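One-letter residues, chain by chain:
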Amino acid sequence: MPRWCTYEVPVDTGMFSPVGLQPTAVLRLAFNGAAQWLGRHAISHRRLVSEHKTGFVIWSASFISDRPVSFFDADCLEMRVMGRVCGGGTQFACEGQLFGSFGTAVHVQATCVPLRLDGDAALSGVPARLCPEVMASFLPDEIETLPHRSPVPGLQAVVAREGILLARHERQFTIHRHQCEVADQWFWPEAASLASGGREDLIRADADSVPTLRHALGTTVRRLDLLFNRPFFLFDQGVVVSSAHRWKGRLVFIHELKGIDDDQARALAIEQFAAAGGSWN
Amino acid sequence: MKLRVNGALLRFTDYRRVITIAAPTVEAGLTALADQYQPLRKVLFDREGKVRATHRIFLNGAPLEREELSSPAGEADSVDLLLAISGG
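These protein sequences, in sequence, are chains A and B. If you use the numbering used here, the first sequence corresponds to residues 1 to 281, in order. If you use the numbering used here, the second sequence corresponds to residues 1 to 88, in order.
It cannot be assumed that every hint is accurate.
Each pair of labels, with its calculated beta carbon distance range [claimed, not checked]: (1) A:4 to B:56: 53 to 59 Å; (2) A:102 to B:36: 55 to 61 Å; (3) B:48 to A:40: 38 to 44 Å.
If you are wondering where the hints come from, they were derived from the structure by calculation, not from laboratory data. Note that the coordinates shown come from a computational prediction; the quantities given were computed from them, not determined experimentally. Just so it is clear, CB atoms sit at the ideal spot from N, CA and C, and this is done for glycine as well.
Modelling step: build the complete structure from the supplied sequences, incorporating the hints.
What follows is the structure in structure tokens.
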């Protein structure tokens, strides 16, 4: 049986907006949950980096919200998380749920690619299969031969093909240190913040001509999918290219996060909202 | 040449992004840069003194393979030094 760990997360007002849990807070909790699981059941994240020269870089993440949760619903939420190896050691994945007495609020998933660190102070590394000593810390039930597949490329294609484009907007940004992790590389949950900022600026710019867009300010993200191709680093300048679509009765925002001189997106984020008066299914 | 240091390497050059170096080749420029900013040496070069595989080097926007680091570089050339990925 795969091992899980469950623990309480005291809520604070910074985890919420007026409409529910902040997507960035959910993703930060997911990454922290992965670290909790590694520390309890395998090898702590710190020891992985410092002793086993193994780091992780995010590749894919998503969450699905079952119901809106407000700051006033509970003093604490419960985080339940499980870690596993996929692709025969080429990925480390965690999945979890954030729940309370009211039921499950959010299902969250994140998949990282292991890096073999070069041993320098910049924590530089190259993608590599997890080493045998690290693999030995996982139970057989926690090792899958198949790799995790991201739904993002397929979702992006089907929304572009079948959806109705409502608006487009671009917003420039600079990565500052408060958005970075220990190696001055962006902390990947910031992708959700940048996507949210792109969406909000698109709505502010275009909602007078497309009023239905405002619904995505007054309700919570039902589903968020992220795919990461290349990281941003300290003081990198980028642009969020956001587009809004109506698809299957939903409002869908596709965000391409590019470096200012890049042709290809370094990260993709797809936010889905139930449309005003529309059903989710 | 103008050496442009990016992102995760800035803390090793006292946060200077563009540094002018007089050297005949890209490799000599990188060595001179590491002489000037000692903390960068172990980050940029491995124990054999070779540029680590985790760095990407561009000469006037074109990526250089390791065997091309001896390419000549003059006053008007720019060299970009990027860390491809890091693992925290």
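Verification of the supplied hints:
1. A:4 to B:56: 53 to 59 Å: Distance hint for residue 4 of chain A, residue 56 of chain B is violated at roughly 40 Å.
2. A:102 to B:36: 55 to 61 Å: Check passed, 60 Å falls within 55 to 61 Å.
3. B:48 to A:40: 38 to 44 Å: Cβ of residue 48 of chain B to Cβ of residue 40 of chain A: about 40 Å, so the range 38 to 44 Å holds.
Violation of the numbered hints given earlier is confined to hint 1; every other hint is satisfied by the structure.
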